[in-house]
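Engineer: Below are the chains, spelled out letter by letter.
2 protein chains.
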Amino acid sequence: MNIPRTSFPRIIIIGGGFAGIALAKKLSKQEVQVVLLDKNNYHNFQPLLYQVSTGGLEPDSIAYPIRKVLKDFPNFHFRLANVDEIDAKNNTVITNIGNLKFDYLVVASGSKTNYFGNAEVEKHSMAMKTIPQSLNLRSLILENFEDALLTSNLHERNALMNFVIVGGGPTGVELAGALAEIKKGILPKDYPDLDTRSVQINIIQSSDCILKGMSDKASQKAEDFLEKLGVNVWKNIRVTNYDGKTVTTNTDLIFETATVIWAAGVKGALIKGLDAADFITRSNRLLVNEFNQVKDYNHIFAIGDIACMVTNDFPDGLPMMAQPAIQQGKQLGDNMLQLLEGKPMKSFVYKDKGVMATIGRNKAVVDLKRFKFQGIFAWYVWMFVHLFFLIGFRNRMVVFINWVYNYVRFDREARLIIRPFKRKN
Amino acid sequence: MNIPRTSFPRIIIIGGGFAGIALAKKLSKQEVQVVLLDKNNYHNFQPLLYQVSTGGLEPDSIAYPIRKVLKDFPNFHFRLANVDEIDAKNNTVITNIGNLKFDYLVVASGSKTNYFGNAEVEKHSMAMKTIPQSLNLRSLILENFEDALLTSNLHERNALMNFVIVGGGPTGVELAGALAEIKKGILPKDYPDLDTRSVQINIIQSSDCILKGMSDKASQKAEDFLEKLGVNVWKNIRVTNYDGKTVTTNTDLIFETATVIWAAGVKGALIKGLDAADFITRSNRLLVNEFNQVKDYNHIFAIGDIACMVTNDFPDGLPMMAQPAIQQGKQLGDNMLQLLEGKPMKSFVYKDKGVMATIGRNKAVVDLKRFKFQGIFAWYVWMFVHLFFLIGFRNRMVVFINWVYNYVRFDREARLIIRPFKRKN
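Going line by line, the protein sequences match chains A and B. The first sequence begins at 98 in our numbering and counts up one residue at a time. The second sequence begins at 98 in our numbering and counts up one residue at a time.
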């Protein structure tokens, strides 16, 4: 990779997610050379992917060009690259576009869907971690309804209109709620020829409550909201397999369905070279100390989902969410500048700003440190916070317009099959 | 196809473009059963595709769900289908989802890119007639700049930064102008490592002027605008081939380029069954009479690009543009109702509402019947007219916001490689 060395130390950041971007911004206008590598040329606002899948927002309004984030920073270089391996001994990253030496390395590669080793589930189910995946899901949902119109086989038609979401975390809950609103508000008008009352939305959770990380109140209320919307919430049930037709579970319960959305877990997006060591946790994350240094290294850091920082409150590591990522990115920026000046770094302290999830129109749950509330006010808070954290004025405006429009009109206009999913397979 | 027969006559419309949608709206709430078939579930506002390719607009804001257009109309059925053949003898359309009988058939299948039989050009060049094609072009343009950064081979780098647009009609001119503005306003900031002054934008026109259908004044002014923006306008040159690396012409001129956009012509999207007859024109259009009846048929009609209606002013048929399509769709709606009541149909008279093209910021050319003007006022008119003809309030709002933002900030934020084009090949 032809990036010229300067007199400044070179910091390579792998990943332009919440953590990587927060760090990059902190390092701007400093006496360091920063090389940011990402396999996409955009930052992707993952918390709103479910709205892309369900036609509420266009994909481009939750993506932001990484080059634009960095455009005013001198000494910054972005490269569109897949990092294949980290050669920690030789301070080199090995990528599909060549190798590059670093003085400091920050792994901010995020997370990916965890299928817990079940290859058949991975093959047949849909994920929702990236924009292309979310667009594939959008196409599939719409193609299923088009296909349901065509078959006279009742069994097949029901399977096409049966949606199974595995995992009752925020992603699963938010998707289930959005699908339920489509069932109610859009399908009867769009498909007058189809008995859309037969549409089933199922959410399967292995433990005894949904939104496990949140308060009991939030969890209970979210379940009430979902049931009011007509979603079937199945608890204490573990999915054992999906062969493309039938979901089997650890009980007698089975689901005949054409669509399984796997939102049952994530794991760190490990990179070869740091993956065979003794500092990997069960969820494929890199153990880091309070300065986000990867165990055994002084010049290799990890931040965000890929980093597992154990604290008293979080014995399994900080949660894999936007807030720890942003906070770690910012603080690591400050710490690296300290380190370069030979000054001591500051321990990271996670400020829990709360957790929230939206279920549908006027229905959300918010757990702040001191206040926990649910319903319409929570829903406004949820929207405000998500608009605030979106990058870019244009994106905020477009998302805001869409939300107002969708709210007033009970609509979701991006129900477009731009790239068919089934037909190409 | 399981669409039940009613006592109403069945009209099948093939295609949900400008013509098909205008017709469908006219037939709403009438005593007819209408079946609209399209291979996409959305109507696509083709005149703005070049803004999708150049990151100025998101694809979803120029697409509109066909089911939503028809949602309040009783006796309407939409099916997502490819029509493979028309069996005119048996009044049947043959599609990938089964056959369907009709009483009346309206072919509104539009047009497709015309490569004039050159398979190599078709294989290696990019087209811009559909949203996926426009997104592919957007990805390719951005991938080329990313790749230009990686190569130390100057020849290769120049080819990656050399854009050749074949065809000086509105599509070619508008795309060239947009690329020129990207070169000027965005590339230097996004790619500080790259000498973006080497970016070349070429437009090749086989005749002696661009925007051939417009007035001399418009054509000349458009050329001035393009040259002011740094676009190389090559006239009286015909492209003979492109092998993926080199564009050859009927002169000594050659272009080494990684990107050819073929905007040199369109032809009717003919459907088998009506394609072997003597009423096909040189540009693959169906000859129709003044009632849009396909020659030799009383119950088969064609409207829009696929229809060739010869008039005194247009001896080669009405132009393949939105206006004739919309006007024919509307009038055919009225005429079909007349026909069903046994009353005489009215001859179609094309109302020429003018032609316009935009070249860039504050730069457009407008030819109305009585007035011809160019420059900033033309540009405002162009924007107003395009907003007006976009379907859907939300689309209009989102496009408007984007245009204001792009204008104020000299920006185009949808420069996203959502689905890479080169890497997947």
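Note that these hints are calculated values from the structure, not bench results. Hints may contain errors.
Put simply, identical chains are the same to the list, so a pair is met inside one copy or across any two.
To be verified - Pairs of lysine-lysine, DSS-like flavour, derived with a Cα cap of 30 Å:
{"#": "1", "residue 1": "Lys469", "residue 2": "Lys342"}
{"#": "2", "residue 1": "Lys519", "residue 2": "Lys448"}
{"#": "3", "residue 1": "Lys314", "residue 2": "Lys332"}
{"#": "4", "residue 1": "Lys342", "residue 2": "Lys392"}
{"#": "5", "residue 1": "Lys519", "residue 2": "Lys309"}
{"#": "6", "residue 1": "Lys226", "residue 2": "Lys126"}
{"#": "7", "residue 1": "Lys325", "residue 2": "Lys126"}
{"#": "8", "residue 1": "Lys281", "residue 2": "Lys448"}
{"#": "9", "residue 1": "Lys519", "residue 2": "Lys427"}
{"#": "10", "residue 1": "Lys325", "residue 2": "Lys220"}
{"#": "11", "residue 1": "Lys443", "residue 2": "Lys342"}
{"#": "12", "residue 1": "Lys364", "residue 2": "Lys325"}
{"#": "13", "residue 1": "Lys165", "residue 2": "Lys281"}
{"#": "14", "residue 1": "Lys440", "residue 2": "Lys364"}
{"#": "15", "residue 1": "Lys519", "residue 2": "Lys168"}
{"#": "16", "residue 1": "Lys369", "residue 2": "Lys469"}
{"#": "17", "residue 1": "Lys450", "residue 2": "Lys209"}
{"#": "18", "residue 1": "Lys220", "residue 2": "Lys186"}
{"#": "19", "residue 1": "Lys226", "residue 2": "Lys165"}
{"#": "20", "residue 1": "Lys392", "residue 2": "Lys332"}
{"#": "21", "residue 1": "Lys342", "residue 2": "Lys440"}
{"#": "22", "residue 1": "Lys450", "residue 2": "Lys364"}
{"#": "23", "residue 1": "Lys332", "residue 2": "Lys168"}
{"#": "24", "residue 1": "Lys198", "residue 2": "Lys309"}
{"#": "25", "residue 1": "Lys314", "residue 2": "Lys443"}
Engineer: Taking the hints in turn, state whether each one holds.
Structural biologist: To see whether the hints hold, each was checked on the structure:
1. Lys469 with Lys342: Classified as neither: same-chain Cα gap 40 Å, cross-chain 62 Å, threshold 30 Å.
2. Lys519 with Lys448: So Lys519 and Lys448 fail the 30 Å test inside a copy (44 Å) and across (43 Å) alike.
3. Lys314 with Lys332: within (16 Å within a copy, 72 Å between copies)
4. Lys342 with Lys392: Neither way: Lys342 and Lys392 sit 44 Å apart in one copy and 49 Å across, limit 30 Å.
5. Lys519 with Lys309: neither (33 Å within a copy, 42 Å between copies)
6. Lys226 with Lys126: Answer is neither; intra-copy 32 Å and inter-copy 44 Å both fail.
7. Lys325 with Lys126: neither (52 Å within a copy, 36 Å between copies)
8. Lys281 with Lys448: neither (39 Å within a copy, 43 Å between copies)
9. Lys519 with Lys427: Neither. Shortest intra-copy (42 Å) and inter-copy (35 Å) distances fail the 30 Å Cα cut-off.
10. Lys325 with Lys220: neither (33 Å within a copy, 53 Å between copies)
11. Lys443 with Lys342: neither (53 Å within a copy, 55 Å between copies)
12. Lys364 with Lys325: For Lys364 and Lys325, neither the intra-copy (32 Å) nor the inter-copy (53 Å) Cα distance is at most 30 Å.
13. Lys165 with Lys281: between (40 Å within a copy, 15 Å between copies)
14. Lys440 with Lys364: Intra 34 Å, inter 70 Å, cutoff 30 Å: neither.
15. Lys519 with Lys168: This pair counts as between: shortest inter-copy Cα distance 25 Å, intra-copy 39 Å.
16. Lys369 with Lys469: neither (42 Å within a copy, 64 Å between copies)
17. Lys450 with Lys209: within (24 Å within a copy, 54 Å between copies)
18. Lys220 with Lys186: neither (36 Å within a copy, 46 Å between copies)
19. Lys226 with Lys165: both (23 Å within a copy, 29 Å between copies)
20. Lys392 with Lys332: neither (38 Å within a copy, 65 Å between copies)
21. Lys342 with Lys440: neither (60 Å within a copy, 55 Å between copies)
22. Lys450 with Lys364: So Lys450 and Lys364 pass the 30 Å test inside one copy only (23 Å; across, 59 Å).
23. Lys332 with Lys168: neither (48 Å within a copy, 37 Å between copies)
24. Lys198 with Lys309: neither (42 Å within a copy, 55 Å between copies)
25. Lys314 with Lys443: Cα proximity of Lys314 and Lys443: none, with 36 Å in one copy and 68 Å across.
Violated hints, in rising order: 1, 2, 4, 5, 6, 7, 8, 9, 10, 11, 12, 14, 16, 18, 20, 21, 23, 24 and 25; the structure is consistent with all others.
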